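A.B. asks: For reference, the chains in residue letters:
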Amino acid sequence: MAVGNQINIGNLGFEDIRSSIITFLKTQDTGAASYLNDYDYDGSALSTLIDLLAYNTLYYGYYSNMIANEMFLDSAQREESLISLTKPLGYAVPGYNSAVGKISLTKGGRFNEIPKYDKFTGTKSDGSVYIFRTIETYELNEEGKNPAIKLYEAKSYISSEFTSLINYESQSILLSDYPDIDISSLTVEVSVTGKEEDFVEYILSSNITTNVDENQELYWLERNTEGFKIIFGGLEEELTNRTVGKRIVRGDLVRLSFITSNGVDGNGVFAFSYDGDALSGNNEVTTINVSSGGSDGPDIDSIRFYAPRWFASQDRAVTKDDCTGMLQERGFENFNLWGGDEAMPPEYGKVFMSFEDDDLCNVAKETLDEKLVVTIYSECVPSANFVLLCNIVGEFNPNKTHRSEEDLSDIIKSTIFGLYQDDNFGVEFNRDVFVDEVRKKDDAITIDSISLFIRNEQAPSNGKRKIKFLNEINKGDGSGGGIASSKITSSSISTDPFWLEDNPNTGNVVAWRTVNGLKNIISDDAGTVDYDNGVVKINEGVVLNDFSLIAELPHTQYNFIAKENMLLEIFPNVILVPRG
Amino acid sequence: MTSIKYSDINFSFSKNNLSNDVNIRTNENAIKQSIKNILLTRKGERPFRDNIGANIHNVLFENFNISNTVSLYSTIRNQIHSFEPRVTIDDIIFDDSLKDSLIDSNILSLEIIFSYVTGTNREPIQDRLTVGIERVR
Numbered sequence: 000m001a002v003g004n005q006i007n008i009g010n011l012g013f014e015d016i017r018s019s020i021i022t023f024l025k026t027q028d029t030g031a032a033s034y035l036n037d038y039d040y041d042g043s044a045l046s047t048l049i050d051l052l053a054y055n056t057l058y059y060g061y062y063s064n065m066i067a068n069e070m071f072l073d074s075a076q077r078e079e080s081l082i083s084l085t086k087p088l089g090y091a092v093p094g095y096n097s098a099v100g101k102i103s104l105t106k107g108g109r110f111n112e113i114p115k116y117d118k119f120t121g122t123k124s125d126g127s128v129y130i131f132r133t134i135e136t137y138e139l140n141e142e143g144k145n146p147a148i149k150l151y152e153a154k155s156y157i158s159s160e161f162t163s164l165i166n167y168e169s170q171s172i173l174l175s176d177y178p179d180i181d182i183s184s185l186t187v188e189v190s191v192t193g194k195e196e197d198f199v200e201y202i203l204s205s206n207i208t209t210n211v212d213e214n215q216e217l218y219w220l221e222r223n224t225e226g227f228k229i230i231f232g233g234l235e236e237e238l239t240n241r242t243v244g245k246r247i248v249r250g251d252l253v254r255l256s257f258i259t260s261n262g263v264d265g266n267g268v269f270a271f272s273y274d275g276d277a278l279s280g281n282n283e284v285t286t287i288n289v290s291s292g293g294s295d296g297p298d299i300d301s302i303r304f305y306a307p308r309w310f311a312s313q314d315r316a317v318t319k320d321d322c323t324g325m326l327q328e329r330g331f332e333n334f335n336l337w338g339g340d341e342a343m344p345p346e347y348g349k350v351f352m353s354f355e356d357d358d359l360c361n362v363a364k365e366t367l368d369e370k371l372v373v374t375i376y377s378e379c380v381p382s383a384n385f386v387l388l389c390n391i392v393g394e395f396n397p398n399k400t401h402r403s404e405e406d407l408s409d410i411i412k413s414t415i416f417g418l419y420q421d422d423n424f425g426v427e428f429n430r431d432v433f434v435d436e437v438r439k440k441d442d443a444i445t446i447d448s449i450s451l452f453i454r455n456e457q458a459p460s461n462g463k464r465k466i467k468f469l470n471e472i473n474k475g476d477g478s479g480g481g482i483a484s485s486k487i488t489s490s491s492i493s494t495d496p497f498w499l500e501d502n503p504n505t506g507n508v509v510a511w512r513t514v515n516g517l518k519n520i521i522s523d524d525a526g527t528v529d530y531d532n533g534v535v536k537i538n539e540g541v542v543l544n545d546f547s548l549i550a551e552l553p554h555t556q557y558n559f560i561a562k563e564n565m566l567l568e569i570f571p572n573v574i575l576v577p578r579g
Numbered sequence: 000m001t002s003i004k005y006s007d008i009n010f011s012f013s014k015n016n017l018s019n020d021v022n023i024r025t026n027e028n029a030i031k032q033s034i035k036n037i038l039l040t041r042k043g044e045r046p047f048r049d050n051i052g053a054n055i056h057n058v059l060f061e062n063f064n065i066s067n068t069v070s071l072y073s074t075i076r077n078q079i080h081s082f083e084p085r086v087t088i089d090d091i092i093f094d095d096s097l098k099d100s101l102i103d104s105n106i107l108s109l110e111i112i113f114s115y116v117t118g119t120n121r122e123p124i125q126d127r128l129t130v131g132i133e134r135v136r
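So the protein sequences, as listed, match chains A and B.
Note that numbering that gives the first Met the number 0 gives residue 86 to position 87 of the first sequence, counting from 1, and the numbers run on in steps of one.
Note that numbering that gives the first Met the number 0 gives residue 105 to position 106 of the second sequence, counting from 1, and the numbers run on in steps of one.
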């Protein structure tokens, strides 16, 4: 609203602008506005003009706001703006991604090579058939097998000359007719003689290094509003008079080969079979991984997240964030990655990864190893399932809410499930965040206490066991209080059923059972407990069957972090009573 | 001399040769212009103010029967009551003389009898405004 004879320009709603103008006119006691006083009557000409002015102001206010928003990576909403904004970061916003499946193949005929873009078919559970293609050449070994062939879902396969589309001035080809191209499948070949046998493959470059000269056969990729743009070399850098990469001249032939994708529709395909011409005979195809990772293009948030990280890593995997960013950029999801220096115990020179789908970890490892620094190598760690049990005790004020006790308990549980998704790595349970969130949902609830327990299920084994809770374990005063097991029924130390617990005085795991109602210690040295680091070791032969082990977190500890390979599920148990 | 209480720009935006400024309308003329403006405004014509407008153009192509007349009467009263608080509608007279002779000519003529208070005079003054519309093609 206008204050005195000043117009407040902070209000950008139509009514606010209109009121502001009217209030301004009311304050005028000189000039034309002072004797035109019908602004308050909607039928007046003055009111019509004020409406028009307010509309115009709103229009330009909105327009300016949009322009300002679209200028920055954090606030841009249009994909075209993000493509433009991320271009200086060297990030080509990906378009469609083909779903990728993995197979092993044993040949039935005499040939030993599966060429690039060879054809396979696969079937989904609903019976729909999809075409898949290789995007690299695979050799079969002496036994006629290849255990790991990656197949990319291909709506269509294009391989033809694009010479007519070359813009010689900008040394570029714009692929505007293929919005669903999977750009990772692109092969660029050039024949300088114009002969078929002289095609040479050009290499994709992501940067311009000092050792690139004018004869190197390179191309670069950009994306603009119309599609992907292939840029060849030969443009002179004015600062150093240096020409980078080989120039395309008239008479050269340019051949592009690539696949287009059905995006997400290509996910979930299995039952692959060979449908190409290169191999003869009855080939045996075994599905290793069902197709996954197909997408219809990144969403705006993912562009915002990945572009700066891509820029930071410069397509190299040096830091932990580089590795994470690189895997995410290539479509891997729900994994945890940690450096060997962070591991418990530390193992320098390694990068550890854990995936929900352990098979996918090996695919990620292949990807990462290509970019890791020399002397550093990656290692897959199988994921381990843990359940965080949250015993939540609280009360509620019935006078401040219309909800029942049951509804309020459900609110607390739904808050947990809303904050922490099941089967995720790296989950951080934070008491304060949780309590704040509950209070926002209904301020009649008061959380009095939260006890945290972490449970791990162990499979049958006759070897030593090492259970890494990786969070401080409660060290009780007397016997037990830190860890407790389910009933052990198969062991080399006792034929009778028994249980495990800790002895905080010795730091050992104790095996015990009851005899005539009294606690009887079978072994006071069945393993060890590292309370500070949250690691429990159980000696060989102590437990042969499957069982579960629960560790209690210290009562003063309100936070829990699922570290390393911990795949966490949270289970809340709520006790809520009305305040008296 | 009657003091000026209401003043508005003349919607014709004609020039005053003495002041070289746009002509203004005052008191009853300003009110009449305002009423006419409301009647001739179509709903949705003014941005973000969808409820202003009597939409009388719509009846040009309707059968001129009692039902439509009552509806139009009610719309005009409501519009003026809502957006022209300076006046009170005393009556609205539809020109029936055109009904038979120009039944297919798409012409509407109505006279609004209203009262208002202006200047130093606290007694309501009654006045009349005739509004006519016809199809142009």
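Source of the hints: derived by calculation from the structure; they are not laboratory data.
Please read these numbers as outputs of a predicted model, since none were measured by experiment.
C-beta: ideal position from N, C-alpha, C; glycine also.
One thing to keep in mind: the hints can contain errors.
What the hints assert, rightly or not - Cut-off 25 Å, straight-line C-alpha distance, at most; resulting in silico cross-link-like pairs (SDA-like, lysine to any residue):
id, chain 1, residue 1, chain 2, residue 2
1, B, K14, A, K194
2, A, K25, B, V58
3, A, K364, A, K194
4, B, K42, A, Y54
5, A, K25, B, D20
6, B, K14, A, I202
7, A, K194, A, F161
Stated by the list, open to error - These stretches of chain B come out as covered by chain A in the derived footprint (C-beta under 8 Å, 3 or more residues):
id, segment
8, 65-77
9, 82-94
10, 109-116
11, 128-135
A.B. asks: Take the hints in turn and mark each one as holding or not.
C.D. replies: Hints and how they fare:
1. Pair hint K14/B plus K194/A does not hold up; C-alpha atoms about 79 Å apart against a cutoff of 25 Å.
2. Proposed proximity of K25/A and V58/B is contradicted: the alpha carbons are some 38 Å apart, above 25 Å.
3. Of the supplied pair hints, the one linking K364/A and K194/A is violated, its CA atoms being roughly 40 Å apart against a limit of 25 Å.
4. Pair hint K42/B plus Y54/A holds up; C-alpha atoms about 16 Å apart against a cutoff of 25 Å.
5. The hinted pair formed by K25/A and D20/B meets the criterion: a straight-line CA distance of about 21 Å does not exceed 25 Å.
6. With a C-alpha separation of about 73 Å, the suggested pair K14/B and I202/A falls outside the 25 Å cut-off, and the hint is violated.
7. Between K194/A and F161/A, the direct Cα distance comes to roughly 15 Å. Compliance with the 25 Å bound is thereby established for this hinted pair.
8. Coverage of the segment 65-77 of chain B by chain A is violated. Counting CB-CB distances below 8 Å, 0 residues qualify, and the rule asks for three or more.
9. Counting residues of the segment 82-94 of chain B whose CB lies closer than 8 Å to any CB of chain A gives 4, so the stated coverage by that chain holds, three being the minimum.
10. With a threshold of 8 Å between beta carbons, the proposed coverage of the segment 109-116 of chain B by chain A is violated, since 0 of its residues qualify and at least three are required.
11. Given a C-beta distance limit of less than 8 Å, the hint that chain A covers the segment 128-135 of chain B is violated, as 0 residues qualify and 3 are needed.
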